[in-house]
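Novice: As a plain string of letters, each chain reads:
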Amino acid sequence: MPGHSTPSQTVGPFFSIGLGHLNRADFSEGATGERITIQGRLLDGDGQPVPDAILEIWQADADGRYHHPEHSAAPNDATPFFGFTRIATDDHGGFSFTTVKPGPVHGPDGKPQAPHLQISVFMRGLLKQLVTRLYFPEDPLNASDPVLQVVPESRRATLLARQSSHNENTLEWNVCLQGGDETVFFDC
Amino acid sequence: MKLLLGYRKPAPGTQPNHLYPPYVSSIKRAPKQPLISIPITLSEITGPSFPKEIASPKAFDLTRQQKGQPLGERITVSGRVLDEDGRPIRNTLVEIWQANAAGRYLHKHDQHDAPLDPNFTGEGRTFTDEHGRYRFITVRPGAYPWKNHYNAWRPQHIHFSLFGPAFATRLVTQMYFPGDPLLEFDPIFHSIPEEAARRRLISSFDWLSTEPDLSLGFRFDIVLRGREATPMER
Chain A
5 MPGHSTPSQT VGPFFSIGLG HLNRADFSEG ATGERITIQG RLLDGDGQPV
55 PDAILEIWQA DADGRYHHPE HSAAPNDATP FFGFTRIATD DHGGFSFTTV
105 KPGPVHGPDG KPQAPHLQIS VFMRGLLKQL VTRLYFPEDP LNASDPVLQV
155 VPESRRATLL ARQSSHNENT LEWNVCLQGG DETVFFDC
Chain B
72 MKLLLGYRKP APGTQPNHLY PPYVSSIKRA PKQPLISIPI TLSEITGPSF
122 PKEIASPKAF DLTRQQKGQP LGERITVSGR VLDEDGRPIR NTLVEIWQAN
172 AAGRYLHKHD QHDAPLDPNF TGEGRTFTDE HGRYRFITVR PGAYPWKNHY
222 NAWRPQHIHF SLFGPAFATR LVTQMYFPGD PLLEFDPIFH SIPEEAARRR
272 LISSFDWLST EPDLSLGFRF DIVLRGREAT PMER
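Sequence lines, in order, name chains A and B.
Read left to right, the first sequence gives residues 5 to 192 (the numbering used here).
Read left to right, the second sequence gives residues 72 to 305 (the numbering used here).
To be clear, the hints were calculated from the coordinates, so they are not data collected in a lab.
The structure displayed is predicted, hence computed values, not measured ones.
Watch out, some of these pointers could steer you wrong.
[What the hints assert, rightly or not] Some chain B residues judged to face chain A by a derived CB distance under 7 Å, without partners named: (1) Pro81; (2) Ala82; (3) Thr85; (4) Gln86; (5) Arg100; (6) Tyr221; (7) Val243; (8) Ile259; (9) Ser262; (10) Glu266; (11) Ala268; (12) Leu295.
[Stated by the list, open to error] Residues of chain B placed beyond 10 Å of chain A at every Cβ, according to the derived structure: (13) His89; (14) Ser96; (15) Thr134; (16) Glu144; (17) Pro189; (18) Pro249.
[Stated by the list, open to error] 30 Å max Cα-Cα, derived DSS-like pairs, lysine-lysine: (19) B:Lys179 <-> B:Lys129; (20) B:Lys99 <-> B:Lys218; (21) A:Lys115 <-> A:Lys105; (22) A:Lys105 <-> B:Lys123; (23) B:Lys218 <-> B:Lys179; (24) B:Lys80 <-> A:Lys115.
The C-beta atom is built at its ideal place from N, Cα and C for all residues, glycine as well.
Based on the sequences and whatever the hints tell you, model everything.
Specialist: Right, here's the structure in full:
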């Protein structure tokens, strides 16, 4: 019986009751690769922090393998890296998580995609999730990444994390829902 | 080279837009720029799967998580999780959360002047079985007021979160109850343009899952995006 997909509805303000059990700020445990911390803020159309949002992150391991049967190169559980976490924003709209930098995953044309994190954003006021990606600064593969290439050049910077001037191995990346620095969100 | 099969786009009118001004919170939080279409890659057609241990055997029964029984009308909510081709989605995590029978969430920011219930957290989770079936035992949540507009009340609802097989099949939604008079006035429900699509969020009363002397049954089937039939050429 073919049917239409069930419509999305907002997570509302109290999602932590049902979703908080999977929140982990450090999901690099036991994984090999370069540990990296991402810090940022989530801002609304007035530039005000969003204190009631969650980010879901999905990524490949340091060798560019997704732990999923669709990926033929998926490891046979030799590495424990699991690739998913949830992070809630704090009272100031801030978020922080530690992971390992993913390796390049092959793209639709067989060429490698630049290392990236897949990110879904949920919050009160969003009737369905927003989907974006975080890319790593100065990665040589960014120039040929098949997703970055379809983003107008003037907006690509919103997908690129910046090296923190305070801490090594720390990147900064903000999510802006509106405004001049509005983050690029995808239809995928 | 292996061609990748993406997931079908929703039919027009069957999903809400991000901006729906009657839902006031969407005004400052919906993006203003159009979404950008991207080629399907492994990153969208893969997604997390979870070990069964993250849902304890008791987690499907929200009436037996504390010392005593919660107040309210005991109900069973069950159904199947399918894809758009009617295939069951097996062993996928289903998470729910809801207000108690008085319309109050166990959350520090819920200021509604209705009592908390020491025997009800409102949190449940389970996995679908081999046929895509799931089942929760809970109490019927109360309606509650909110600040969207004058005398605004949310219809009774249970929040659902599902993953399915891929990042692209992720869905968070809300289940409503048949005959709820508040649905007509609810901007979140009405953010879905097409009436037939809205109605898919209303559960049906179900004699088959109603248990004598125990609980009323409600059925809520959930459909996640189906796979493209042919590889995308983009």
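Novice: Each hint should be assessed against the structure and marked as holding or not.
Specialist: Here is what the structure says about each hint:
{"no.": "1", "hint": "Pro81", "verdict": "holds (6 Å)"}
{"no.": "2", "hint": "Ala82", "verdict": "holds (6 Å)"}
{"no.": "3", "hint": "Thr85", "verdict": "holds (5 Å)"}
{"no.": "4", "hint": "Gln86", "verdict": "holds (5 Å)"}
{"no.": "5", "hint": "Arg100", "verdict": "holds (4 Å)"}
{"no.": "6", "hint": "Tyr221", "verdict": "violated (19 Å)"}
{"no.": "7", "hint": "Val243", "verdict": "holds (5 Å)"}
{"no.": "8", "hint": "Ile259", "verdict": "holds (6 Å)"}
{"no.": "9", "hint": "Ser262", "verdict": "holds (5 Å)"}
{"no.": "10", "hint": "Glu266", "verdict": "violated (11 Å)"}
{"no.": "11", "hint": "Ala268", "verdict": "holds (5 Å)"}
{"no.": "12", "hint": "Leu295", "verdict": "holds (6 Å)"}
{"no.": "13", "hint": "His89", "verdict": "violated (6 Å)"}
{"no.": "14", "hint": "Ser96", "verdict": "violated (3 Å)"}
{"no.": "15", "hint": "Thr134", "verdict": "holds (16 Å)"}
{"no.": "16", "hint": "Glu144", "verdict": "holds (20 Å)"}
{"no.": "17", "hint": "Pro189", "verdict": "holds (15 Å)"}
{"no.": "18", "hint": "Pro249", "verdict": "holds (16 Å)"}
{"no.": "19", "hint": "B:Lys179 <-> B:Lys129", "verdict": "holds (25 Å)"}
{"no.": "20", "hint": "B:Lys99 <-> B:Lys218", "verdict": "holds (16 Å)"}
{"no.": "21", "hint": "A:Lys115 <-> A:Lys105", "verdict": "holds (19 Å)"}
{"no.": "22", "hint": "A:Lys105 <-> B:Lys123", "verdict": "holds (27 Å)"}
{"no.": "23", "hint": "B:Lys218 <-> B:Lys179", "verdict": "holds (17 Å)"}
{"no.": "24", "hint": "B:Lys80 <-> A:Lys115", "verdict": "holds (25 Å)"}
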